[in-house]
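Enquirer: The whole structure should be built from the sequences, with the hints applied where relevant.
With the sequence shown counted from 1, adding 71 to any position gets you the numbering used here.
Since the hints were derived computationally from the structure, they do not count as laboratory data.
Heads up, simulated PhoX-like pairs for lysine-lysine below, C-alpha to C-alpha not over 25 Å straight-line:
| hint | residue 1 | residue 2 |
| --- | --- | --- |
| 1 | Lys361 | Lys316 |
| 2 | Lys157 | Lys168 |
| 3 | Lys245 | Lys306 |
| 4 | Lys413 | Lys384 |
| 5 | Lys189 | Lys365 |
| 6 | Lys365 | Lys327 |
| 7 | Lys365 | Lys245 |
| 8 | Lys361 | Lys329 |
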Amino acid sequence: LELARAMLIGADILLLDEPTNHLDVQSVKWLENYLVSNTNVTVLIVSHDSSFLDNVCTEIIHYEHKKLKYYHGNLSAFVKTRPEAKSYYSLAATTVKFTFPPPGSLMGVRSNTRTILKASHVSVHYPSMPRPSLVDASVSVSLSSRVGVIGPNGAGKSTLIKVLTGEIVPNEGKVEKHPNLRVAMMAQHAFHHLEQHLEKTACQYIRWRYQDGHDREITEKATRKMSAEETDQMKVPIVSQTGEKRVIEYIVGRSKLKKSYQYEIKWVGLEHRYNTWIPRERLLELGFSKLVQKFDDFDASREGAGSRDLSQKAIRSELEAVGLNGEIAENNAMGGYSGGQKVKVVLGAATWRMPHIIVLDEPTNFLDRESLAALIAAIQSFEGGVAIITHSQEFSEGTCKEIWRMQDGTLHASGHNWVEGQGSGERIDKKKNDEEEVKFDALGNKIVEEKKKTSQANSYVHIRIQQRNGRKTLTTLQGLPKGMCTVD
72 LELARAMLIG
82 ADILLLDEPT
92 NHLDVQSVKW
102 LENYLVSNTN
112 VTVLIVSHDS
122 SFLDNVCTEI
132 IHYEHKKLKY
142 YHGNLSAFVK
152 TRPEAKSYYS
162 LAATTVKFTF
172 PPPGSLMGVR
182 SNTRTILKAS
192 HVSVHYPSMP
202 RPSLVDASVS
212 VSLSSRVGVI
222 GPNGAGKSTL
232 IKVLTGEIVP
242 NEGKVEKHPN
252 LRVAMMAQHA
262 FHHLEQHLEK
272 TACQYIRWRY
282 QDGHDREITE
292 KATRKMSAEE
302 TDQMKVPIVS
312 QTGEKRVIEY
322 IVGRSKLKKS
332 YQYEIKWVGL
342 EHRYNTWIPR
352 ERLLELGFSK
362 LVQKFDDFDA
372 SREGAGSRDL
382 SQKAIRSELE
392 AVGLNGEIAE
402 NNAMGGYSGG
412 QKVKVVLGAA
422 TWRMPHIIVL
432 DEPTNFLDRE
442 SLAALIAAIQ
452 SFEGGVAIIT
462 HSQEFSEGTC
472 KEIWRMQDGT
482 LHASGHNWVE
492 GQGSGERIDK
502 KKNDEEEVKF
512 DALGNKIVEE
522 KKKTSQANSY
532 VHIRIQQRNG
542 RKTLTTLQGL
552 PKGMCTVD
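Expert: Here's what the structure looks like:
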């Protein structure tokens with residue numbers, strides 16, 4: 072819409088600051104053709120998109136030692152003149168390094184391939200839209216997930232992610248997640264996190280957001296807000312085995328119960344000494360899922376952020392870990408930050424509570440190429456799951472093992488393959504042989520599976536060794552017929 076407005080006023084000069092941000096592959100191509108065909112309009116572009124600059128520009132103005140120097144030709148010609156500038160064509164970090172805090176453990180999750188966030192047959196239809204934005208989508212995420220979500224503008228990518236993160240509630244289907252799961256979200260329009268805090272420094276913003284020991288922004292999620300029906304459900308009494316009727320006032324706390332949780336309930340009109348514990352499954356069965364979800368979100372956030380040091384030094388260090396200059400983070404108000412600096416603030420604030428899953432909606436907007444390279448390295452080394460909405464094939468191929476392609480609200484999950492900006496190929500369901508899932512027996516003892524090759528070509532013996540108290544015992548031998556091999 073902003074581009075259309077600029078075109079329609081008949082400008083002699085177009086000033087475009089990161090014009091390819093948010094645009095899909097087809098829209099960027101259209102914009103390139105439009106700018107090249109208008110020979111009577113001067114265009115001045117700020118961009119980190121090397122391909123776009125190559126296809127559009129006839130002059131390069133380079134910022135050197137706080138001065139501007141002019142070069143004739145496009146970006147390729149400029150790099151021939153200044154070979155040290157070849158980094159503009161590669162995602163290689165030389166001076167910038169990003170690191171994310173370790174996510175910590177999840178109760179009962181002993182494998183990084185186990186599903187911890189799942190959407191089943193979800194559909195979303197916004198009231199103002201003529202057709203659904205999301206139709207019958209089913210996806211799952213684990214700690215090992217590296218997912219790229221691609222597709223044209225308006226295809227439903229952000230809607231799918233918002234359903235997974237609890238920003239919106241689907242009209243159909245359900246979303247399930249581990250009760251302790253912490254999800255960090257950097258939205259497509261990341262600056263909306265900061266709009267009400269531009270007078271604060273980055274350090275002051277993080278201290279404000281987490282000063283109560285949990286993430287204040289979680290309260291804005293749709294999964295935390297009660298509908299009229301759910302408010303009425305809170306007034307429905309629960310009948311005990313003795314026939315006594317009580318109405319839930321709120322949840323006080325929770326504790327482990329076998330492989331799940333039980334919740335301490337404060338009852339309306341009764342003192343705390345009459346609080347009782349009710350299993351999670353029972354509360355869900357009675358229709359109090361929103362109340363349980365609200366407390367789970369709060370408690371998970373408190374576990375991640377509550378133990379963290381909110382001193383100026385600790386916050387500054389965290390922001391420096393995502394590439395923001397420490398002096399700027401500590402002393403400068405965010406109203407004067409560049410787009411890239413604001414993105415780094417949002418990223419640092421989102422990961423402050425040590426999330427298990429990081430969701431990035433178009434992270435390539437505003438970040439320079441060195442920062443993008445540092446972000447790729449941080450994602451690759453991160454111990455939790457990552458989902459990324461992007462139009463950048465270059466960025467996706469450096470990070471993603473699986474592609475979710477959205478088209479007109481329909482999801483096509485596939486392997487890592489790009490065809491004209493769209494994903495295709497077989498769905499990735501299992502890891503490679505050298506990345507097999509770690510398995511445990513019923514007592515929690517690690518089971519080690521080894522493969523030994525025999526002298527016969529293409530033949531293997533599969534040996535399962537059970538390790539208990541430091542001793543290994545052969546429990547299973549399968550593969551070749553008896554007598555064809557020797558096992559020591």
